[in-house]
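Undergrad: So the sequences go chain by chain: A and B. Residues in the first sequence are numbered from 15 upward in steps of one, following the working numbering. Residues in the second sequence are numbered from 8 upward in steps of one, following the working numbering.
Hints in this document: simulated from the structure, not taken from any laboratory. Some clues are possibly wrong.
[Stated by the list, open to error] For lysine-lysine, the following DSBU-like pairs were computed, each having C-alpha atoms within a straight-line distance of at most 35 angstroms: (1) 23/B to 59/A; (2) 71/A to 144/A; (3) 87/A to 27/B; (4) 140/A to 87/A; (5) 105/B to 136/A; (6) 42/A to 105/B; (7) 146/A to 27/B; (8) 23/B to 146/A; (9) 87/B to 87/A; (10) 87/A to 148/A; (11) 27/B to 140/A; (12) 146/A to 172/A; (13) 34/A to 136/A.
[As the list claims (entries may be wrong)] Stretch-level coverage of chain A by chain B, calculated; a stretch enters the list once three of its residues show a Cβ under 8 angstroms from a Cβ in chain B: (14) 111-122; (15) 127-133.
[As the list claims (entries may be wrong)] If you anchor each label on the Cβ, the simulated ranges turn out as follows: (16) 110/A to 63/B: 47 to 53 angstroms; (17) 62/B to 193/A: 51 to 57 angstroms; (18) 8/B to 139/A: 21 to 27 angstroms; (19) 106/B to 191/A: 47 to 53 angstroms; (20) 33/A to 8/B: 38 to 44 angstroms; (21) 43/A to 130/B: 36 to 42 angstroms; (22) 15/B to 26/A: 54 to 60 angstroms; (23) 8/B to 64/A: 25 to 31 angstroms; (24) 109/A to 13/B: 37 to 43 angstroms.
Just so you know, these numbers come straight off a predicted model, no measurement behind them. Note that CB positions come from ideal geometry on N, CA and C, so glycine has one too.
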Amino acid sequence: METTTDLTGFVFKWLEECEKENVILTFKGDFNQELVNAILLLSQKDPDFRGSSTQIKARLFGIMVECMQNIRKYGAVNDTGSESKPGIIIVSFDGKTYGVKTGNLVENEKVAALEERLAEIKSLEKENIKQKHKEVLKTTRLSEKSGAGLGLLTIARKADGINFNFKKLNDRVSFFGLDINLNLDLN
Amino acid sequence: MEDLILEETIDTPGIKFQHKSGELEITGRSYPEDTREFFGPVLAWIDSFCSSGPENVRFNIKLNYFNSSSYKPLFDILSKLKTIQENGTRVHVEWHYKNGDDDMLEAGQEFEDLTELKFNYHSF
Chain A
15 METTTDLTGF VFKWLEECEK ENVILTFKGD FNQELVNAIL LLSQKDPDFR
65 GSSTQIKARL FGIMVECMQN IRKYGAVNDT GSESKPGIII VSFDGKTYGV
115 KTGNLVENEK VAALEERLAE IKSLEKENIK QKHKEVLKTT RLSEKSGAGL
165 GLLTIARKAD GINFNFKKLN DRVSFFGLDI NLNLDLN
Chain B
8 MEDLILEETI DTPGIKFQHK SGELEITGRS YPEDTREFFG PVLAWIDSFC
58 SSGPENVRFN IKLNYFNSSS YKPLFDILSK LKTIQENGTR VHVEWHYKNG
108 DDDMLEAGQE FEDLTELKFN YHSF
């Protein structure tokens, strides 16, 4: 029988990190709709989540949906030649704040535009995000397209803070990390 | 024309559109994987319904959640109702939101503002 020392070492480290970061749920995989639904169902079983207010529950649910559907829609495939778009979601809770972290690949050519949009959203106060969201809704109503650019604004509107970073991996793709906070205290 | 009845699923809303009474209802959650595929037939039904010249329409929107790509089809339905209202149809929009979900109430107020239809609000 082969030794599995390295594997258990990795699993142990991963579990230890998760415990340290107060992770309540994490998943790595291809975010097809069935998986999205399964993760949403699982998150709703969490005792902390069940104890949260209606408003917080609704916001966390909404943030998770937009994040996972974004990975599905705009993520890039990996280099193995498979169709799957690798993505990870990590939901944590420290008693005061929910954290939703996601990571996925994006094509390098899309990075600049995405980075610019995120930087703009990050620079806006909550009231201005609401205003901007409303402006995009207005154009959505009249346009042929279905809500282009609404997803990130929707996340920002529900959240109490977002951070992001990009890391170029090769000539084709970059890693895109998104970090969203949601405070239990409503503002 | 026939009524449009679609059972609610985990990620698509229940639809109960009754042409004779003009009672239209959308319930549940809306975050389909393919928004166009789901809402295509719904909007087609609304088009035929509006062309049939209904006298009264009551649109009950009772959603627990809808995602960002569901905004557009919801706007499209409301815009079509606004158009027939301008042509003489009595249109009532009833916006139901879960008690405590003020974001959902606000979403209704923004739809009301942007479509210029009058909404009535109910918490459940």
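Undergrad: Now look at each hint and say whether the structure bears it out.
TA: Hint check results:
1. 23/B to 59/A: Judged against 35 angstroms, a Cα distance of about 30 angstroms means the pair holds.
2. 71/A to 144/A: Holds: residue 71/A and residue 144/A sit about 20 angstroms apart, inside 35 angstroms.
3. 87/A to 27/B: Between residue 87/A and residue 27/B the Cα gap is close to 39 angstroms, so the pair fails against 35 angstroms, i.e. violated.
4. 140/A to 87/A: Within the cut-off at roughly 26 angstroms; holds.
5. 105/B to 136/A: holds (29 angstroms)
6. 42/A to 105/B: holds (32 angstroms)
7. 146/A to 27/B: Violated: residue 146/A and residue 27/B sit about 40 angstroms apart, past 35 angstroms.
8. 23/B to 146/A: Within the cut-off at roughly 33 angstroms; holds.
9. 87/B to 87/A: Holds: residue 87/B and residue 87/A sit about 29 angstroms apart, inside 35 angstroms.
10. 87/A to 148/A: Measuring from Cα to Cα gives roughly 23 angstroms; hence the hint holds.
11. 27/B to 140/A: Distance ~45 angstroms between residue 27/B and residue 140/A Cα, so the pair is violated.
12. 146/A to 172/A: Distance ~13 angstroms between residue 146/A and residue 172/A Cα, so the pair holds.
13. 34/A to 136/A: holds (27 angstroms)
14. 111-122: violated (count 0)
15. 127-133: violated (count 0)
16. 110/A to 63/B: 47 to 53 angstroms: holds (50 angstroms)
17. 62/B to 193/A: 51 to 57 angstroms: Since the Cβ atoms of residue 62/B and residue 193/A sit about 53 angstroms apart, the hinted range of 51 to 57 angstroms holds.
18. 8/B to 139/A: 21 to 27 angstroms: violated (49 angstroms)
19. 106/B to 191/A: 47 to 53 angstroms: Given range 47 to 53 angstroms: violated, Cβ gap about 36 angstroms.
20. 33/A to 8/B: 38 to 44 angstroms: violated (59 angstroms)
21. 43/A to 130/B: 36 to 42 angstroms: holds (37 angstroms)
22. 15/B to 26/A: 54 to 60 angstroms: For residue 26/A against residue 15/B, whose Cβ atoms are near 43 angstroms apart, the range 54 to 60 angstroms is violated.
23. 8/B to 64/A: 25 to 31 angstroms: Violated: the Cβ-Cβ distance is about 44 angstroms, outside 25 to 31 angstroms.
24. 109/A to 13/B: 37 to 43 angstroms: holds (41 angstroms)
Violated hints for the displayed structure, listed by number in ascending order: 3, 7, 11, 14, 15, 18, 19, 20, 22 and 23.
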